[in-house]
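Modelling step: build the complete structure from the supplied sequences, incorporating the hints.
There are 2 protein chains.
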Amino acid sequence: MRVLVYGGCGGLGRAVVQHFKSAGYNVTSVDIGENPEADSNVKVNLADDWVNQEKNVVQSVLDVLVGSKLEAVINVAGGWAGGNTQDPDWVKNADLMWKQSVWSSAIAATIASKCLKEGGLLVLPGAAPATSGTPGMMGYGMAKAAVHQLVKSLGGQGSGLPDGSCTLGILPVTLDTPMNRKFMPNADFSTWTPLSEVAGTLEKWSKNLERPATGSLVSMHTQSNSTYLRLEN
Amino acid sequence: MRVLVYGGCGGLGRAVVQHFKSAGYNVTSVDIGENPEADSNVKVNLADDWVNQEKNVVQSVLDVLVGSKLEAVINVAGGWAGGNTQDPDWVKNADLMWKQSVWSSAIAATIASKCLKEGGLLVLPGAAPATSGTPGMMGYGMAKAAVHQLVKSLGGQGSGLPDGSCTLGILPVTLDTPMNRKFMPNADFSTWTPLSEVAGTLEKWSKNLERPATGSLVSMHTQSNSTYLRLEN
Numbered sequence: 001m002r003v004l005v006y007g008g009c010g011g012l013g014r015a016v017v018q019h020f021k022s023a024g025y026n027v028t029s030v031d032i033g034e035n036p037e038a039d040s041n042v043k044v045n046l047a048d049d050w051v052n053q054e055k056n057v058v059q060s061v062l063d064v065l066v067g068s069k070l071e072a073v074i075n076v077a078g079g080w081a082g083g084n085t086q087d088p089d090w091v092k093n094a095d096l097m098w099k100q101s102v103w104s105s106a107i108a109a110t111i112a113s114k115c116l117k118e119g120g121l122l123v124l125p126g127a128a129p130a131t132s133g134t135p136g137m138m139g140y141g142m143a144k145a146a147v148h149q150l151v152k153s154l155g156g157q158g159s160g161l162p163d164g165s166c167t168l169g170i171l172p173v174t175l176d177t178p179m180n181r182k183f184m185p186n187a188d189f190s191t192w193t194p195l196s197e198v199a200g201t202l203e204k205w206s207k208n209l210e211r212p213a214t215g216s217l218v219s220m221h222t223q224s225n226s227t228y229l230r231l232e233n
Numbered sequence: 001m002r003v004l005v006y007g008g009c010g011g012l013g014r015a016v017v018q019h020f021k022s023a024g025y026n027v028t029s030v031d032i033g034e035n036p037e038a039d040s041n042v043k044v045n046l047a048d049d050w051v052n053q054e055k056n057v058v059q060s061v062l063d064v065l066v067g068s069k070l071e072a073v074i075n076v077a078g079g080w081a082g083g084n085t086q087d088p089d090w091v092k093n094a095d096l097m098w099k100q101s102v103w104s105s106a107i108a109a110t111i112a113s114k115c116l117k118e119g120g121l122l123v124l125p126g127a128a129p130a131t132s133g134t135p136g137m138m139g140y141g142m143a144k145a146a147v148h149q150l151v152k153s154l155g156g157q158g159s160g161l162p163d164g165s166c167t168l169g170i171l172p173v174t175l176d177t178p179m180n181r182k183f184m185p186n187a188d189f190s191t192w193t194p195l196s197e198v199a200g201t202l203e204k205w206s207k208n209l210e211r212p213a214t215g216s217l218v219s220m221h222t223q224s225n226s227t228y229l230r231l232e233n
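First to last, the protein sequences are chains A and B.
FYI, the numbering for the first sequence is 1 to 233, going by this note's numbering.
FYI, the numbering for the second sequence is 1 to 233, going by this note's numbering.
If you are wondering where the hints come from, they were derived from the structure by calculation, not from laboratory data.
Check the hints yourself; a few may be wrong.
Given that identical chains are not distinguished, each listed pair holds provided it fits within a single copy or across any two copies.
Below are the DSS-like pairs computed for lysine-lysine, each with C-alpha atoms no more than 27 Å apart in a straight line [unchecked claim]:
| id | residue 1 | residue 2 |
| --- | --- | --- |
| 1 | Lys92 | Lys69 |
| 2 | Lys117 | Lys92 |
| 3 | Lys207 | Lys69 |
| 4 | Lys92 | Lys114 |
| 5 | Lys43 | Lys69 |
| 6 | Lys117 | Lys207 |
| 7 | Lys114 | Lys69 |
| 8 | Lys43 | Lys55 |
| 9 | Lys55 | Lys182 |
| 10 | Lys43 | Lys99 |
| 11 | Lys204 | Lys182 |
| 12 | Lys99 | Lys55 |
| 13 | Lys43 | Lys92 |
| 14 | Lys182 | Lys117 |
| 15 | Lys92 | Lys55 |
Encoded structure:
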C-alpha cells in the first residue's frame, strides 16, 4: 500500500510520514527537502513558477511510482503569516501563503488525478478560522479559503479525479507542533490538536473507515486533551 | 467627488467609468491600458510580481491623488477560464485567474487603506458560482473564493481600513458584456445582468444609499430582464 505525503518535512508532515510507515505503508514524501524516514522523496524546486513546479513534481512522482497507484495523496504543506492592510508586508505574506497552501494543493490534485487508485483519498490543508473573515491574517485566510473551495470542486461531478475517490479538507484550529510550542510557549496545550490524532484520522480515512462525504471540510477541535471532528459544510 | 476603478478598461470597467463620469465624478482608472474617458489613468505592469505591482500601483495612485481622498475604490478586474484536474492547462489558468482577481483585489485593498475617505466604499469582484464547488472551472473558483473571504476579512474589526468604511463583494452570475455576447451568442440574454444595473448599484452604494453591511457578499440575479440583489453570507 502506497501513500504520498505532500509537505512531508513539516511538523505535521513528519508525524504523518512516521505514522503511515509504522502502519506498513510505502511512503513518498514531497517537499523542498528530503525526509529520511520516507521510502522515496520528490524535491520541490522553489525557483520554479507554479506551472513548472506542477510539471516537475508530477513527472518525478510518476518516475517514482512506475505505474503503481496510491491509496492516498495527503497534502499537509503550508505555513502561517499575519498582516492586515496596514502591514507593509501583507501582500508579500499573502504571496507566500498562496504558494505554500494553494500551489501545493493544486499540484496534489493533479497527482491525484493521475496516480490515485479508484476510491482513493485526497486530503488538502484548510484552516478553521478561514471559514469566516480573518482581518489580522488576510493572506493566510485567502489561501485557506481557496483550498476550501478547491476541496468542494474536487468533490463535485466532473473534477477529473478517479471514480469513487474522496477529497476532504482538514481544518485544524491549532496543531500541537514543535513550531507552535516554540512561538506560543504559554498557551493552553490541552486545546491544541495532537499530530497523532490527525495522523490516525488520516490513516482511517485512507482505509475508507469513517470517511465523510467527498467534498467535505472537516474541522478538528480539541478540548481538555480530547479531539473531535465537525463537518463545516 | 473622486472614485477609482480598478480594471477600468474591461467590459464592466468601461461601463462603470462612463457611469461615474456621467454622474459628475472625477474617475481614476487602473488597468494595463488607458481608458480615455477617465480623468486619470494608472497603468499596471504585468511584468511586475505581486509585491512590486502593489508598490508601483499604490505609488502611482498616491501621485495622482496628491492627498485627496476617494469616495470609492471599485475593483472590477478579472477574467474567466475553465479547466478541471485533467486539463493540462488548469494550473496555468488558475495562475492567471489568481493574478487577475486576487492580485487586483489585494492592491485595491491597500489603496483603500491609504486613500479611501472615512465611511468610503470598497468593492471587490466575486462570482456567485464560487460560493460552492466549481469542478469545471477550478482555478476561477479558487480565485473568487479567495476574494469572497478577503471581503469578509476587510469587513471585520482590525482590517486596517478607514473608520466606517464598507467593503462589499459583488457576485454576478453572468454579466451582459460584449465578450460574453461574442462567446455565447445563443444564450438567453434576458437572464444576463446589464452593466448599467451594476454601475447604478455601485453609484448608490458610493453615496451610502442602500448599502448592505460591510463584509457582505451581494449576488446579482437577472430574470426576464429584471435584476435583483441577494445577500450570500
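* To do: List in ascending order the numbers of the hints, as given earlier, that are violated by the structure.
  => 9, 11 and 14
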